[in-house]
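K.L.:
Build out the structure end to end from the sequences listed, making use of the hints.
So the sequences go chain by chain: A and B.
To convert, note that position 244 of the first sequence is 234 in my numbering; the numbers rise steadily by one, no gaps.
To convert, note that position 188 of the second sequence is 427 in my numbering; the numbers rise steadily by one, no gaps.
These are calculated hints, taken from the structure and not from any lab test.
Wrong hints could be hidden among the right ones.
What the hints assert, rightly or not - To give an idea of the interface, some chain B residues facing chain A are shown, with a C-beta separation under 10 angstroms as derived from the structure:
1. Pro279
2. Thr445
3. Leu451
4. Thr472
5. Glu480
6. Ala484
7. Glu545
Stated by the list, open to error - Below, computed lysine-lysine pairings styled on BS3-like, alpha-carbon distance capped at 30 angstroms:
8. B/Lys501 to A/Lys109
9. B/Lys317 to B/Lys501
10. B/Lys486 to A/Lys109
11. A/Lys109 to B/Lys539
12. A/Lys109 to B/Lys619
Cβ atoms here follow ideal geometry from the backbone N, Cα and C, with glycine treated the same way.
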Amino acid sequence: MAELLQHLVNGLVLGGTYALLGIGLTLIFGLMNVVNFAHGEFYTLGAYATFAALGLAGANFFAAVLAAIACGAVLGALCEQALLRPLRAESIDTTMLVMIGVWIAMQNAELLIWGGVAKSIPHPFPTAPLVLGPVSIAPLRAFVLVLAAGLIVMAYLAIHRTRLGTAMRATFQDRDTAALMGVRIHRMHTVTFAFGSGLAAAAGALLGPVFLAYPSMGDLASLKAFSVVILGGLGNLPGATLGGLLLGIAEELGAGYISSGYRDAVGFVIIILVLLLRPAGLFTKQERIG
Amino acid sequence: MTRPLAVLVALVATATLAASSTVSAQAPIKIGVIEPLSGPVAASGNYVRMGAEIASDWINARGGVNGRKITLIIEDNKSDPKEAASAAEKLIVRDRVPAIMGAWGSSMTLAAMPKLEEYGVPMVVETSSAAAITKRGNPWIFRISPPSDMEALGLEQYVDRLGVRRADFLAVNTDWGRGAIAAFGDMLKKKGVAVGAAEYMDQAATDMNAQLTKIKGTGGDTLFLTTAVEQITLVLKQAQEQRLARKIVTTGGSSSPTQLIKQAGAAAEGSYHIVFFMPWFPEAMPDAKLARAFVDEWSKRGHPFEGLTEGFRGHDGIATIVEAIRVAGRDEPTAVRDALWRVSLVGVNGPIRFEKDGPTGKESGQSKPSIFVVQIRDGKVALPDFLAKQ
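P.N.:
Structure (C-alpha cells):
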C-alpha cells in the first residue's frame, strides 16, 4: 500500500512535468497546425538559459527562471517571424521540415556552446525530502508541481478569458473572418508561437534543476509532449493537462507493477488505443461540422 | 623527339617517381578512431578522443613508429550504432587505415564489427563491456576493456568486505546493461548473495522514481547500478529523494566519481565505483610514472579532471595499435592484426596482452585489464576502508 501511494505520488509529479511540456505544444501544434519538432529544443534552451543566468550573471533562482521564459518567448517570436511567416501559405509538411531543421540546428548549437558534459543547475531548495507518512517528495519537485499547475491555469485563462486569447483562437479557426474583424493575423501567429515556446522554456527552467541540462535532453521531452497532445486532443489545454497526468501515472504504474523495461511501451500502448478508439483525443468534445 | 631530350624526359620522370615514393614512405601512418562525439554520451567519447590525442602526440614526439609519424583520423558515431558502422566503412574504404580504435558503446561496437570482417581490418575496443563482442567469433576484434563477467570476477574478492547480502540491480536497457546484470548476478549468486529486483531504464530516461520505489520494496542492502555518468547522477539524486538507504555500487568504469561529487553532491556520499584508472592515486597504478605523466599532461592541456577515468582508454588504445604496427614493421591491416597477438605493453591501466576468446578458429583477442574500487567519502574520492587498510 505504501508502495502504491509512493508510485501514485511519483506519477503525479512526473505527469505534472508532462502536462507542462504538452500545453506549450498543444498551442503550436493544435492551434497553429505547425508540427513543432523544435519544441524540445525550446525546453533545452530554458534549462541552459537558467544555468547561464545563475552561473554567469549570478541571478537569483526565481529571476533566472523568469529570464529563461523570456528568452524562450523571444527566440520563439524570432523563429516564427523569420522562418514560418514566409511559409504561411505552404502545406503542413513544409513547415514540419523547417522545424526539423530548427531542431537539428538548435541542438548542435547547444552542443557547440555548452559541450556534451551534462550541467547540474543549482537551486535554493533543501535536498532532504518532505516525508508525509509512507510517501516522500523532494521540495523542489513539490515546487515544480505547484508552479506547473499555476502556469497551466494561467495559460488556460489567457486563452479562454482574455481578448488576446479570443483573437488567437479566432485567427486559427478562420483567418479571413478574423482579419475582417480587425484581428492582426501576423501578430497573432507570432504571439502564439512565442507563448508556446515560452511555456516550453518554462518547463526546461523548472525541470533542468530536477534533472540535468545536456544538449539531447529535448529529444525525450519532444516525444512526451507529442504523446500528451495526441492523448489530450489538438489545441485542448485541459486535455493536455489530463493527458500529461494520465501518461505520467500510467508509465509509473507500468514500470512499478509490470516491467521497467517496458515503461515507455505502456505509454505508447495507451496512445495506440486512444488513436484507435477516440482519434480526436481522449478529452475532445464531439467535433462540430461546418 | 631527339635522343638526348628523350633521355632527359626519362630522367626527370624517374626522379619525380622516386621523389613521390620517398614522400609516401614519410607520409604519416593513419589510425582510425570512432567515438561518440555528439549525442547522449558525447562527453565520454570526447574524453576518449582527448586521451587518444595525447598518446598520438607523445608517440610523434618520440619520433613516431617505424620512422614515420602517426596521424589520427577521428570519426563521430553520434552515439548511434548505424553511424558507427558507416564510420568504420568510411575509415577503411576512403582513408585506408590499417587499424581502428572504437567505438565506446557496446551497441556501437557490435554494429561496426561486420565491416571489420568484411574488409579485414583490426579494431582495438577501448570501452565496450558486452560479452558478445569477443564471443561472436570475429577475429579482427582486440579488446582492452574488461567485459562485464571479468569485471564481476574482479569485484568478487571484495563482496564480503563490502557487506553485500541482498542485492538489487538497476541498469540501462542496452547490450551493456543487460550483460552487466547477468554477469554480476551470476557472480553474486555463486557467492550466496540473494538477488532481488532487476530493473531497467531507457538510455534517455531522466525519471527513475518508479524503479527506485520498486527497489525500495525489496529490502536489499546493496544496489548495483550500470549506466553512464549522467544517469548515475540522476539515480543518486532520486535515491536520496526516495530515502533509499542502500550501498550503491556502480559498474562499467564510466561513473567518473569526480563529476558525481560535483553534480550529485551529498547524494553521492558513500557510493562505491568500479573504475579502471585511479587518477586520484596515480602512484597506486601499475605504472605509476606513466599514470602520473598522463594526469599531468591532461591537466596541462586544460582538460577537465573528471574526464580522466575515460580519457586513459584513448591513450591505451592508440598505444596498443602503435605497438602492433611497430611489431609488424609495416602498416598493413593483416600484418597489424597478426602483430596484435604478439604485443605486450604497459598502458595507463596496466599490462596489455591479448588472450584468445570466443569460438575456436575465429577467436577475438581479450586483454585482462586491472580493476579498482573507489568510494566517495566526505566529498572526496578515497580508497574504500577495506583497501586502504591493506
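K.L.:
So, against the hints stated earlier in the document, which numbers end up violated here?
P.N.:
When the structure is compared with the hints, only number 6 turns out to be violated.
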